[in-house]
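Trainee: Residue numbers for the first sequence follow our numbering, beginning at 97 and rising by one.
Just to be clear, a hint being listed does not mean it is correct.
The calculated label-pair distances, taken between Cβ atoms and stated as ranges, are [as the list claims (entries may be wrong)]:
(1) S699 x E495: 57 to 67 Å
(2) K606 x I491: 49 to 59 Å
(3) S699 x K821: 27 to 37 Å
(4) D703 x E610: 35 to 45 Å
(5) D539 x E483: 55 to 65 Å
List of simulated lysine-lysine pairs, BS3-like, C-alpha gap at most 30 Å [said to hold, decoys possible]:
(6) K310 x K506
(7) K370 x K448
(8) K502 x K310
(9) K111 x K209
(10) K560 x K247
(11) K608 x K115
(12) K908 x K893
(13) K560 x K538
(14) K321 x K304
Calculated from the structure, these hints are not laboratory results. By construction, the Cβ of each residue, glycine as well, lies at the ideal position given by its N, Cα and C atoms.
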Amino acid sequence: MKKYQFKAIEEKWQKKWEKSKIFEVKEYKGKKFYCLEMYPYPSSSGLHMGHAFNYTIGDIYARFKRMNGFNVLYPVGYDSFGLPAENAAIKTKTHPEKFTNSAIKNFITQQKKLGFSYDWSRLLWSHDPNYYKWNQWIFLKMFEKGLAYRKKSAVNFCSKCETVLANEQVHNGKCWRHQDTDVEIKYLEQWFLKITEYAEELLKEIEKLNWPEKIKTMQRNWIGKSDGYEIIFEINGEKWPVFTTRPDTIFGVTFMVISAQHPKLFDIVSEKNKKDVEKFLKKIKSVSQKTQIEKEGAFTGSYALHPFTKEKIPIWVGNFVLADYGSGIVMGVPAHDERDFEFAKKYNLPIKQVVKPIDKEIKNLNEAYTSSGILINSKEFSGLYTEEAKEHIFIALNEKGLARKKTLYKLKDWLISRQRYWGTPIPIIYCNKCGIVPVPEKDLPVLLPKKVIFGKGNPLSTNKKFVNTKCPKCNGKARRETDTMDTFFDSSWYYLRFCDNKNKNEIFDKKKVEYWMPVDFYVGGAEHATMHLIYSRFILKFLRDLGLVKFNEPFTRLFNQGMIHGEDGYVMSKSRGNVVDPLDIVKKYGSDSLRFFLVSMASPDKDTSWNSLGIESSHKFLSNVFYFFLNIKLGKTKEKTESKINKTIKEVTENIENLNYNIAIIKLRSLFEEITNQEISKEDAETFLKLLHPFCPHLTEELWERLGNKNFISLEKWPKYDENKINKKFEEEDKIIENLYEDLKNIINIFKKTNKKFSKVYLYTIPSELNLFKENSKLLGKKINSEIIVFSASDPKKYDPENKSKKARPGKPGIYVE
RNA sequence: GCGGGAGUGCCGGAGCGGUCAAACGGGCAGGACUUAAGAUCCUGUGGCUUAGUGCCUGCGAAGGUUCGAAUCCUUCCUCCCGCACCA
Numbered sequence: 097m098k099k100y101q102f103k104a105i106e107e108k109w110q111k112k113w114e115k116s117k118i119f120e121v122k123e124y125k126g127k128k129f130y131c132l133e134m135y136p137y138p139s140s141s142g143l144h145m146g147h148a149f150n151y152t153i154g155d156i157y158a159r160f161k162r163m164n165g166f167n168v169l170y171p172v173g174y175d176s177f178g179l180p181a182e183n184a185a186i187k188t189k190t191h192p193e194k195f196t197n198s199a200i201k202n203f204i205t206q207q208k209k210l211g212f213s214y215d216w217s218r219l220l221w222s223h224d225p226n227y228y229k230w231n232q233w234i235f236l237k238m239f240e241k242g243l244a245y246r247k248k249s250a251v252n253f254c255s256k257c258e259t260v261l262a263n264e265q266v267h268n269g270k271c272w273r274h275q276d277t278d279v280e281i282k283y284l285e286q287w288f289l290k291i292t293e294y295a296e297e298l299l300k301e302i303e304k305l306n307w308p309e310k311i312k313t314m315q316r317n318w319i320g321k322s323d324g325y326e327i328i329f330e331i332n333g334e335k336w337p338v339f340t341t342r343p344d345t346i347f348g349v350t351f352m353v354i355s356a357q358h359p360k361l362f363d364i365v366s367e368k369n370k371k372d373v374e375k376f377l378k379k380i381k382s383v384s385q386k387t388q389i390e391k392e393g394a395f396t397g398s399y400a401l402h403p404f405t406k407e408k409i410p411i412w413v414g415n416f417v418l419a420d421y422g423s424g425i426v427m428g429v430p431a432h433d434e435r436d437f438e439f440a441k442k443y444n445l446p447i448k449q450v451v452k453p454i455d456k457e458i459k460n461l462n463e464a465y466t467s468s469g470i471l472i473n474s475k476e477f478s479g480l481y482t483e484e485a486k487e488h489i490f491i492a493l494n495e496k497g498l499a500r501k502k503t504l505y506k507l508k509d510w511l512i513s514r515q516r517y518w519g520t521p522i523p524i525i526y527c528n529k530c531g532i533v534p535v536p537e538k539d540l541p542v543l544l545p546k547k548v549i550f551g552k553g554n555p556l557s558t559n560k561k562f563v564n565t566k567c568p569k570c571n572g573k574a575r576r577e578t579d580t581m582d583t584f585f586d587s588s589w590y591y592l593r594f595c596d597n598k599n600k601n602e603i604f605d606k607k608k609v610e611y612w613m614p615v616d617f618y619v620g621g622a623e624h625a626t627m628h629l630i631y632s633r634f635i636l637k638f639l640r641d642l643g644l645v646k647f648n649e650p651f652t653r654l655f656n657q658g659m660i661h662g663e664d665g666y667v668m669s670k671s672r673g674n675v676v677d678p679l680d681i682v683k684k685y686g687s688d689s690l691r692f693f694l695v696s697m698a699s700p701d702k703d704t705s706w707n708s709l710g711i712e713s714s715h716k717f718l719s720n721v722f723y724f725f726l727n728i729k730l731g732k733t734k735e736k737t738e739s740k741i742n743k744t745i746k747e748v749t750e751n752i753e754n755l756n757y758n759i760a761i762i763k764l765r766s767l768f769e770e771i772t773n774q775e776i777s778k779e780d781a782e783t784f785l786k787l788l789h790p791f792c793p794h795l796t797e798e799l800w801e802r803l804g805n806k807n808f809i810s811l812e813k814w815p816k817y818d819e820n821k822i823n824k825k826f827e828e829e830d831k832i833i834e835n836l837y838e839d840l841k842n843i844i845n846i847f848k849k850t851n852k853k854f855s856k857v858y859l860y861t862i863p864s865e866l867n868l869f870k871e872n873s874k875l876l877g878k879k880i881n882s883e884i885i886v887f888s889a890s891d892p893k894k895y896d897p898e899n900k901s902k903k904a905r906p907g908k909p910g911i912y913v914e
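Generate coordinates for the entire structure from the input sequences, incorporating the hints supplied.
Mentor: Below is the structure:
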């Protein structure tokens, strides 16, 4: 018998696909479908199992849609700028570009081996000047609109990365890349993008997205809308706005706390208290205290005036107040806020209760009472319920011009400056006379210089040729910005460039983008919820406001694949030694086997563990399919099989559509079991191949060809089912036979236990079922290892010594064993 | 603390109001083939009981809704993930 030569088969079809360019697509050819996976960072170690899984999910969907008559755009690219490449290059003493290019080459080779149906003509990578030129262009547009701005502020800085980080890149007070490195505070001038301008829209439109609920919730929380009030407190004769959601507790204010990072902190620190405050400031570490540490503070020596009572309220500086949320200063109401309570206890500040529960009194507050209730100790507002009190107090203050309603968001402007080399240069020039001057569009791209010296600090700033330039305005001496852009900028619009990746004159052809976009199906890991996925939405909305696109959201449907863990259940890692390299599996079993197995393990959105026996089983199945088709006997399909085929088409179609690939595979296995060992028509054999094709493209192309077809199965039409051919009768009959089998087993067991011998089984059926049981008697007999003789219960000539025939009922024949 | 998800057999995992001792896969046990091994195929895989029956146990735990629950509700426990002092 001929062996399942998966290697030869896979290479053959990969070459054919590439040569024939069948996956390259052109615009305006019918209904479009845009399928995309998050483009990967090309690491030097090549594809890992997560990549293989990610792309397999996308490829199956792309192939499925293609067969369903869609004009499918399915491109691939590389997120090739970034710190890891720079660091690795320094380590191995190569240039990041060389390093990255070879990593990309490796990725391409490996991806081709997995048989993904990408349109390779649309390839792009972000370190291509033809690509990052448009990063700079977008930046200039934002600058023009006032959405890109420079600001000195306290920022997060990672000493290992030697650069500042965006808020989104700080996890638990540590750098997202260096879990062991505390983020430090630095006060630097940095470039920001005003994502907050879009906060409300970003929040509102989450609702409309066909995304996993989890990601949507994460984005909602990240944007963090909060409706409240701004109340003016007078400090040293100046007006200071303070944000609160609880104006009803204003009579309970016993202190104020200003953020340790507040830019105007020292305006209110008195001479006398300066030393204390400075001592305190030295102790604090990161900008946004992401770990819950003990609250600490120091008295500033200043007082605020209470807007109602005109009492003097002491102002403290504290480590738990954020500088960049609200106005960076809060009113302390220890009786009704847990944090304020903790702080008051620590520094012995007075606690004044102003809200009580509706049904009882609280004598001594042991903890903050944060629920709503009835106001007490609040002058004319006493007796009001919390909600009405908010309104009344607001109105009273508002009349004096001391309060207004205000909505805040947790979302902060996106800090994009990076003091590193391997990224897009920010297209800005600093002139001594003219100040900040944008690079004129005609001078784009600002090329990243190739010859730089790596060492301490940013290699761009030590490159005189790069830094020294002329002012575009006055032609005088000037210097270039040496910061590069966060690589998340690159990835926030790459999906648009795929629509027109070679355009040299403009960012993209609006018409092409209008045809292809938005991305209909986007596959990637959940870890991008608050970074890439929010930045992309922001940039897209900006481009829309520039008039470049007409839609509001980039990704209509998002799918997060689960994590594939090692066989031991832990995350695959070199240190654990549980890494399974997808390319090793391809070598051993073929890429069809890998693809098939990856999606049969579990629902694709769930985490699972690798299983080396499972891949064997998948491979075995594909071998069986291969052999079956080699020796296939074409003929007429039985009615029963036809029913099953039609049902399977229906189910598999739905399963793929809903990403229940694992279930689709079960149905396919079941169908295969049905069609083996019998004749089927050529058409039905082809249907099976088509259904299997998205999962195992190479094998199905090969078998398709062997059936005598000249075209590609990849371009074939997806089978349609005929509801009329799905006959429940067959399933019911199967059930009847199964029940009979159970009964027979029961009886035989009893015979065995009592050591009774038997050689024959007699069945007495109702007349209409005689044929059904006769047809199945041979197979059943084989199973129980005995001859089965079938009689109609009404047959006068039947052999029936114990009159079992009277037990015959529909679906349940009488049984006699002897 | 808040938010999201999950807890089913020896294991991976289906099922998400009735036909479920539980799809499909793996493991294990028994059998067939074979000189033997491998491969392949078949059968079994909660317990008791029974000429084809019936009962019990069972889907993290305890309650509840319902004629009926793994599936809905409540509380609790465990695990995973995300956010985390946002005033």
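Trainee: Against this structure, judge whether each hint is valid.
Mentor: To see whether the hints hold, each was checked on the structure:
no., hint, verdict
1, S699 x E495: 57 to 67 Å, "holds (59 Å)"
2, K606 x I491: 49 to 59 Å, "holds (50 Å)"
3, S699 x K821: 27 to 37 Å, "holds (29 Å)"
4, D703 x E610: 35 to 45 Å, "holds (38 Å)"
5, D539 x E483: 55 to 65 Å, "holds (58 Å)"
6, K310 x K506, "holds (18 Å)"
7, K370 x K448, "holds (29 Å)"
8, K502 x K310, "holds (28 Å)"
9, K111 x K209, "holds (10 Å)"
10, K560 x K247, "holds (25 Å)"
11, K608 x K115, "holds (25 Å)"
12, K908 x K893, "holds (21 Å)"
13, K560 x K538, "holds (23 Å)"
14, K321 x K304, "holds (18 Å)"
Checked against the numbered hints above, the structure violates none of them.
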